[in-house]
Each structure stands twice: as C-alpha cells, then as structure tokens.
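S.K.: Given next are the chains, with one letter for each unit.
2 protein chains.
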Amino acid sequence: MEKQLQSLSAEIESASGKTDADMHMTNLRILDVYTETVYPGAMVIKNGKIVAINPTWTVQAKQVFDGRGMFAVPGFMDAHVHIETTLLTPEALASVIVPWGTTTMFVDAMEIANVLGIKGLRALLRNTANLPFRTFMQVPSRVPTAPGLETTGGVLGVEEVDDLLDDETAVSLGELDPSKVLEIKEEYLKKILSAKKRNKICNGHAIGLDWDQLNVYATAGLSDDHESVEYQELFERLRLGLRALIREGSTERNVDKLIAGVIKHHLPTEDLLFCTDDKHVNDIAGEGHISYNIQKAIDLGMDPVKAIKIATINAARHFRIDHQLGALSPGKFADIVLLKDLNRIRPEYVFKGGVPVATNGKLNREIAGDYPNFLKSTLTLSPDFCPFDFSVPAEGNKVKVKVINLYPDQIINFATEEWLDVCDGVIAANVDDDVLKLSVVERYGKNGQVGSAFVRGFKLMSGALASSVSHDHHNIVIVGTNDPDMYIAARELEKCQGGFVAVENGVVKGILPLPIGGLMSCDPANKVMQEIDALNRVVRGMGSELPSPFMTLSFVSLPTVPELGLTDQGLINVKTHRIVPLVVGYE
Amino acid sequence: MEKQLQSLSAEIESASGKTDADMHMTNLRILDVYTETVYPGAMVIKNGKIVAINPTWTVQAKQVFDGRGMFAVPGFMDAHVHIETTLLTPEALASVIVPWGTTTMFVDAMEIANVLGIKGLRALLRNTANLPFRTFMQVPSRVPTAPGLETTGGVLGVEEVDDLLDDETAVSLGELDPSKVLEIKEEYLKKILSAKKRNKICNGHAIGLDWDQLNVYATAGLSDDHESVEYQELFERLRLGLRALIREGSTERNVDKLIAGVIKHHLPTEDLLFCTDDKHVNDIAGEGHISYNIQKAIDLGMDPVKAIKIATINAARHFRIDHQLGALSPGKFADIVLLKDLNRIRPEYVFKGGVPVATNGKLNREIAGDYPNFLKSTLTLSPDFCPFDFSVPAEGNKVKVKVINLYPDQIINFATEEWLDVCDGVIAANVDDDVLKLSVVERYGKNGQVGSAFVRGFKLMSGALASSVSHDHHNIVIVGTNDPDMYIAARELEKCQGGFVAVENGVVKGILPLPIGGLMSCDPANKVMQEIDALNRVVRGMGSELPSPFMTLSFVSLPTVPELGLTDQGLINVKTHRIVPLVVGYE
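First to last, the sequence lines map onto chains A and B.
Going by our numbering, the first residue of the first sequence is number 1, and it counts up by one from there.
Going by our numbering, the first residue of the second sequence is number 1, and it counts up by one from there.
Chain A extracted, bound-state conformation:
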C-alpha cells in the first residue's frame, strides 16, 4: 500500500503541474473513445500513466515527444489468445505483435497448465513487467480437457482455479467447455462460482450451440463467446447477453462475414471485441495481429473510430479493467499507438506505459526470456518404452478399424471404417492408401501408456513426424509409416525436451526444439519462423501436402473435437466421451 500511495501521490502532483512530468507528448490528434471524436492535443505522462491532457499550465517534462500531427489511439487488445500456440515465448512473440500495436493480451495459457499445472502457468506469465505488452490471465477452466480420458502433467481443479482467480492479473475464468455446463458437472459450476464471487467474468466457448443451448450457457453465467462464424450466430449471442469476440486467427477467419453483417444490420458495436485465439507467428508477421481485424473492419466500411473501440475500450470494459486501460484519458496507462492515417492501421510508434517500445514496424529493444529450469524439463518417457509399444495386436489376416480422416484446414475430423492387413499378429498401416499409424505416447513419466489408431490425410510416403504439442494433454503425438521411425522420433523429442521432429529411415531429417514445456522455443521469432519453414519443406519431401503438417498433427488427436480423438488411453468417441475399440470387425 505504501508504495502505491507514493506512486498515486506523485501522479497527482504531476497532474497538477507541481512536479515535472516524465514525458510530454505534443502535437497529436487524440482519439477520444468516449465521445467518439478526434481532437488536437498533448498528453502529460508520469509513472507510465497519462496524468493530464491539454493542461492550461506550462508543462515541464524530462522528455518531449513531438507527435507531428499523428493520430494517437489506445493500444490494441487481443481479447482471447492461447499464447503457447505461437510456439514463442512472450518475449519472442513481442517482436511480432507489438510493432502491430497490440499492447494487451488476455491470455488463456491452458497449454502450459496442462503440462505443468499452476506452477507452470504462473512461471510463464510472471515476466510481464519486463515485456513490451501487458498480459492478463484468463484462468484455464479445463485442465485436463478430457478428464478420465487422458494423462496430463498438470491439473487445475477447483482449488487451483480458486487460487489463480485471486491473482491480480486474473480477469476471468477461461473458456469453458459447453458440455460441462449443459451436463451440470459440479466441478465446473464451482469454478464459475469462484469467478463470480470475485466479480470476475467467465469466458465462453459456445461452438456450434443452438438457441436452447445458448440459453443454458448464459444462465450458467458465461458472458462471452469467440466462436461465431455466421452473422446469425453473433446476433443470437448478443441477444442472449453474451459479448461477441470476433476472431481472425490463422484458420478461423471470421471478421469478413461478421463485420459485414454488423454493418449491414446497423448493429450497435459496444458488445463486440476482437481476438486472434490461435494465430501463427508467420501470419502475424505478414498481415498483422489485432491491427488486421481493425483494418479489415475499416476496409469493410466501418468507421475507424468504432473499429478501434472494438479493439480497445470494449475489451477493457468487458474484463472490467477500463479504469486502467482502453482509452487515452488521465489515470490510464499510457499504452498508445501512433498512426499517420486513421484508416490505415500501420503503427508508426507504439508506447507501453509511456515508453516507446516499437517504431516503424520494429521492436525498439529485443528482449530475451529468462525461464526457470523446471519449465524446460517436462518430458520423461518410460524406461521400458520401446518400438513394440506401437504395435496393435490382432488376430486373423484382416481387421476392420476406425480411421480418423482429416478435413483440410479444420481441426474437426470424420470417422470411417476400413480394412487393414494383419501381419505377424499386428495391424499394419496401409501407406499406399494413406492410412498411417497415429500414436500418443504419455510423456510425463506417469504411466508410459501408448494409444494407437490410424489416420488418413497426412500422405507421408515414408518416415514419421512427432510433436510434443498435442492438444490439450500435450503428450507426444506421432504419425508414421513405420514403428521404428516413430520410436526414434519420440526418443529425439525426449533428448531436446520437446518440439517437432521429422525422421526418415532412422535419420532425423529436421527438428524444431520447443524446450519450454515442450511447447515453446527459446529462440527469437525470426529464427523459429525459418526453422518451421525448413521443417515443412522436409515434410513435403516425405510426401505430405499439408500446409502446416505439425499444426495438423498437434490437433488431430484432440479428444474434444468431433468425431474421433486419440489419447495415451486409446481412441475416443468425442460425442459419447468414451474410449472405444479400434477394431470393429474381423474377417
């Protein structure tokens, strides 16, 4: 309290002109999100906060920044993002998102929580003071995602969630699986009540819910959704009191349809927010981050002031931090984006807390993450693990098995039943017909289980691919044409404590180590992007035509997305939440 009191006193003194300010930003055109106007002005900054706008007294400041008539708008906010899926540390990620004007990320770090629980989550998000953007925590509600059907490294039960919700940066309970509410699972209702008790909100994930289900979801206390694809979905969510996050990720690209609908139907925009959810680093670098959502909205005909509000004050209000952020007014952090043209979201300068952090598309200062060793040591295979663990024994000469079939560019899949040969008592993949083996190897040193099934769509002609990013349990998932290469791939990942690897004929053809939780690289963004490109080229050489084979691999086994999932415990029927037999027929 004493320190905060001193800071507040100093800010008030500076706001009154009694003491020198840290910075005087002059000659700006300031976007006022409250009156929806732009006006000429100057801002006085102290302790990283705006303390006065256009004072009538003469400002004395340690530093003067001449805005040269540029537009000053609040820093952009990503209302829902899984930071780990960028494969970068927050520090490395900064170099791609901050130059695009993103200064606040509302992070659901459920991936690291699945690997390392509460300790990992806090370790990943601890470094925010040092970062050129701010992070707020959406406390993951579903770790594990498929309880009883998968082995994870960490578990966030009712107590852990309650504990995390106490954190100062925790703004919400993270996106809740609708089935947990629709089926009235006590554990999840308790988590909702924990958030409500603290007057914190609950994020939704209302994928595909119909009107009746949305009624239930809203009744349970969920207050937003980021899964709308069609305008009608967005409209229904708003009508039932759920704020709508309009997502533009790498695969889910929803801005066009949704914003076009909003404009066409003259819908008020105060309940809209923007998010990326999952956006690959190369896509961000190429086209932009939340800036891209804003730009698209403007290009579709939305008033830039409204579009920028969606990316700023609307998000701050939703998460109840609008006393700190989301607008350029006294008492708020000086997170500021300067634009030459309000219709062209290409930041000239980005400030965090009154400090310039990016200029002309480049971060001013690259920073390295410093993560504790326990975050980099999360992969332990069973001492007994051997190539035979991939064998799926069967009797007879042929068996009919369930096969997971990929859809292009989607994380859902569909099930078929196909005949496979049985050789020497084990079921054989049919490489010629693109029916490959898919296995999930438990990697937390807990039970050494291996679940195996078959998948169509990877089109590998030889070798194996393995990934320790494997939603949401993040065991090792491997697709392969033969068991020995699959085994070598898993062992390679053990050596580097996680990553992506391609093995062919016993030789490692390419590898991207992801040692932080087996999810994230320690390297800068550019290096990671180059390594992914190189790795993808290797995979194409092995026959696959997928644009992002490792991204596909990391989602293919997800036990909560229809129709089939695969975990270390076996093949999952997503609809019934049950382990089902792989073999469904014998000759």
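Be aware that a few hints might be false.
Same chains, same label: a pair holds when it works inside one copy or across any pair of copies.
[Claimed, not checked] Derived lysine-lysine pairs resembling DSS-like cross-links, with alpha carbons at most 30 Å apart:
| # | residue 1 | residue 2 |
| --- | --- | --- |
| 1 | K180 | K18 |
| 2 | K446 | K459 |
| 3 | K197 | K119 |
| 4 | K446 | K398 |
| 5 | K180 | K3 |
| 6 | K197 | K398 |
| 7 | K400 | K527 |
| 8 | K509 | K119 |
| 9 | K119 | K196 |
| 10 | K180 | K402 |
| 11 | K495 | K400 |
Just so you know, these hints were derived from the structure itself, not from any lab.
What you are looking at is a predicted structure, and each value in this text was computed from that prediction instead of being measured.
Position chain B relative to chain A; hints supplied.
M.R.: Then chain B, alone, in the frame of chain A:
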C-alpha cells in the same frame, strides 16, 4: 458455496427444460439492450432469474403471466442516491419509487454513517432481501465531511472503509470531495487504493471543477461525476474518462439541458447514467423517479431504447454488476418493468426477481421496516445543556458580525457583515431585519458544544425551528428568534430522538419525529408527506416564506459548501477550511 451450487444447478436444469420453471411470462415485446431492438417473446423464470428466452421446448411452469403484448424492459436504476434524505426507511420509500419502475438503487448512505458509523450503515442496508427493490452500497468516503471542524456520531476511517468495501453489495467508494484529492490527503488516497485493490470503482463529485482540476481528479482514479449542469461540463467529463450521471433531483434538475446537448451534438450515450441524488418524496410521488429522467429524455427527442439503456445496462456496467442486472437475458435477475407504450414511462407492472411487486402505480404489498433499537436511540444532549448555551457574549453596545445569507433554492450561501445590538453582554438577533440566530448543538453526548452564528433568509417573526437532519454531521441545527424557544425545540427533539420541530412562545406547534438515526421516520410515505405539509403550514404561519424550510435548515450549516458553514465548533470559512471569528468589528 453449497447453497449457491444448488441454486445454479437448479437454474441450469430449468434452463434446459428438465424441471418446471417458477414462472412463464408470455406474450411480451422484449427490449433487447444489446442489439437495441424489440422482439416478441416469452421468458422462463427460476429462482428469481431469467433462465431462458423463447425456448423451442414446451415450457412447464408453476405460474403463467400473460404479458398481453406489453413492452418488457429492465428495471430502472438510480446510479447515485442518498436514501436518508427522503426521510423514509427503505421500506417506506419502496411505496413511492417501485411503482415508478425503480428496482435498483446505488446508495451512498453517508448520513446514517455520520450518525452511527459502520454499524448504522450496515443496519440500514441489511434488509434488502425483503425489499421490493435492490440496494448496492457506495461506501461513504467522507465521514466526517469536515474532519477537525465538526463532531459526528460515526467516523469511517481508512480501516472502516476497507472493511465495508469487502461487503458483497459494495460496488464503489462513494462520492469523494475533490479537495481531498486536489490537496493530496493521504487518508483519501488510501480509500481510493482500497477500492482499486478490489477492482471496485470510485464515484466522483466534481462540482464546479475546471479542466485542469478534472485532469487531477481523473488521474486520482475517480470514474464518474453527477454534478454536470451545462452540456460543456458533461462533455469535458466524458472526454476525460469520467462517466456522466445525469441528475434530476428536487432542486438539481439537469436532464433538460444535458440531454438536449447530447441529442444536439449526436453524442454517444453509452457513458451516460441517470440519478436523483436527493429527491423529495412528494416530488417522486408526483412526477416519478428515474422514470421521470427517462420520460424527459424521450420527450426531448431521444430514442426510448437509448433512454432506457441509460437507466439500466449503462448503470449496471459502470458498477460492474452487468452479469446480474441491467438487461433481460438469461442469468440476470428478473427485475422487469412492463409498459403499454415505450414512449410513456408509466409502468403497468414491476417485477423484482420474477415476483410482481407493483401494479398500476401501487405497491402490491406494503412492508414495514424492522430496525434495531440502537438505530432509534442516537440523540443525547449534555446534562448541562441550558438556554444560556445559545448566548453569544460580546462587549460594548454593537458589534459587526458575519451573517450567512440564503440563496433561494440553493444550498450555497453568501456572507455579509452586519451590525447587531449587544444587550446585557450578549449579541441580539435582529428579527425585524430577518437576522436570526442559527445554532448547532452537538447531539451525540460527546462534548455538548454549541456553535452559534446569524442567518438571513428564514424570515421567522417568532419562535424557532430545529432539525436533527443537519448535513453532514447531523447535530441539531436550530434557527430562532429567541433563545428559550430554541432551547425548547432542542429538548423536544431529544424526547423523540430526532426530527423536525417548530416551537413558538414555548409551545410545540408542529413536529415530525425522525427516530431512525434522527434522520428517518418509521411511518409510511403518505403519512410522512402529510406531516411535512402540515409542518410547513405551521412554519408559514410563523412568517417564513420558504417552500421547504426544514430542507433549507438541514443544509444551511453545511461546512463544505460556500461560503460559510456552522458546526458545533463554530463558524467555518468553507474556502479555507478554518473556524473563523463571528465578530469582526466593534463599535
């Protein structure tokens, strides 16, 4: 937690149609504040909450309410009110406000806190479950208002405020005196930090602040203001990030000018709220409550949907309770107003928590308050108190004294200096010239101090008036033509433990007992209104022409409103916050 879990489970079951609902409200035209549209619909209610809107399944409910095509809108919210100045208990007040559609009051009960501190405050606001409207607490920030210059019954220091902010119904730190911030008083900054720590907002009171001062005020963390009179004031407050409460009280009538400005300048309305602050019960009964603010806005040309949003969702969002209230959507309390015409705010029915509480302008069930005895025993005069305590000794034959002069219909006053006779060593009032004696008698049994001065404007020809409502310290304030009548008036209030009294020639001519904290009656609203009318007639018979003489009396001594104040400790120069001598010149 267990009980809440059961409730939530029951609501979800009912939302899914698995169990019977409590009520099915059909045949409505529902106002959707999110999309700003009206649509035909039905609502399913369980545990006092809306759990489904227009479900596709067949609703089974214990009760069906046919809305006969009426408009269903959310219950209205008063964003800032001092409940005690109505002179009624919350129960009695309900009979006048609820029929007008007010279902939520954000209450700054600083008056009872000045009398009885934290204990009195909690006792007054404890009965909300039983009330036909909801109360949320704005934790009073300034008890006492003039520390060091007045004796009060209760004090809310940093610790008490911190404690109160923990209460579930506490939504904010109550309106803060700007001088405390502008002068950087540590106690008040600590109170602000207490609120911020809990992510609760701080209410402002930016009366007369200029742009530079508003910068400071906003920097300190204040987030609203209810004192705008001119459109330019409102605009400046919005620009600096303060939400603007548009007040329509008994004397402060700001809707006309402000809403006209908002409409003229096409200002967005999402940062506007409505409040009454101080509105007399007879005014409410006659013209309406928040309904009147809405009606005026509509009559001025505002879209009724926008006007109703200002009175509902906007307030709920500001106080961060929009997950509970402010809209008709699942998960929200079923606080509903039914209107025949969206342009005419005359509620046909008012529901609180799905229960009809008012019909056609009448409360369905009058309720009596049940308040503990300590609330009714707050007035203790010194055993030594006697008529000579009112004497103001002076030497010579004439002295020049400072005189407090009333403005009509305003709580501010202005100072003059006038010559008064000294008779038998004490200064005499000049009744013929309307210079009457004004005294404040400490009434908490603490020190028996009496402060005296002179006032012009009451025009009493004889007798004395006394009130235990005396802002904000609520000692006994007495205006009189002679000391014996003033003494009798004080003693009469002691007998009934507070109220308003008129005494003439030693005889009590009229009295309104206000035994709850010396501030509020135990009687129903109608009876209190009749008694005030009767008392006002008595006072007119004594020569006064003031429309509300006791209201004027209760504000005349206020030590924080320019130019002069009077407390038990003496005459106050409001600008310098100092006790000043009454006598400024001798003959």
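S.K.: Next, verify each hint and record whether it holds.
M.R.: Quick rundown of the hints versus the structure:
no.: 1; hint: K180 - K18; verdict: between (56 Å within a copy, 16 Å between copies)
no.: 2; hint: K446 - K459; verdict: neither (32 Å within a copy, 90 Å between copies)
no.: 3; hint: K197 - K119; verdict: both (23 Å within a copy, 24 Å between copies)
no.: 4; hint: K446 - K398; verdict: neither (34 Å within a copy, 98 Å between copies)
no.: 5; hint: K180 - K3; verdict: between (43 Å within a copy, 19 Å between copies)
no.: 6; hint: K197 - K398; verdict: neither (58 Å within a copy, 67 Å between copies)
no.: 7; hint: K400 - K527; verdict: neither (44 Å within a copy, 87 Å between copies)
no.: 8; hint: K509 - K119; verdict: neither (34 Å within a copy, 75 Å between copies)
no.: 9; hint: K119 - K196; verdict: both (24 Å within a copy, 27 Å between copies)
no.: 10; hint: K180 - K402; verdict: within (27 Å within a copy, 73 Å between copies)
no.: 11; hint: K495 - K400; verdict: neither (36 Å within a copy, 96 Å between copies)
The structure is inconsistent with the numbered hints 2, 4, 6, 7, 8, 11, although it conforms to all the rest.
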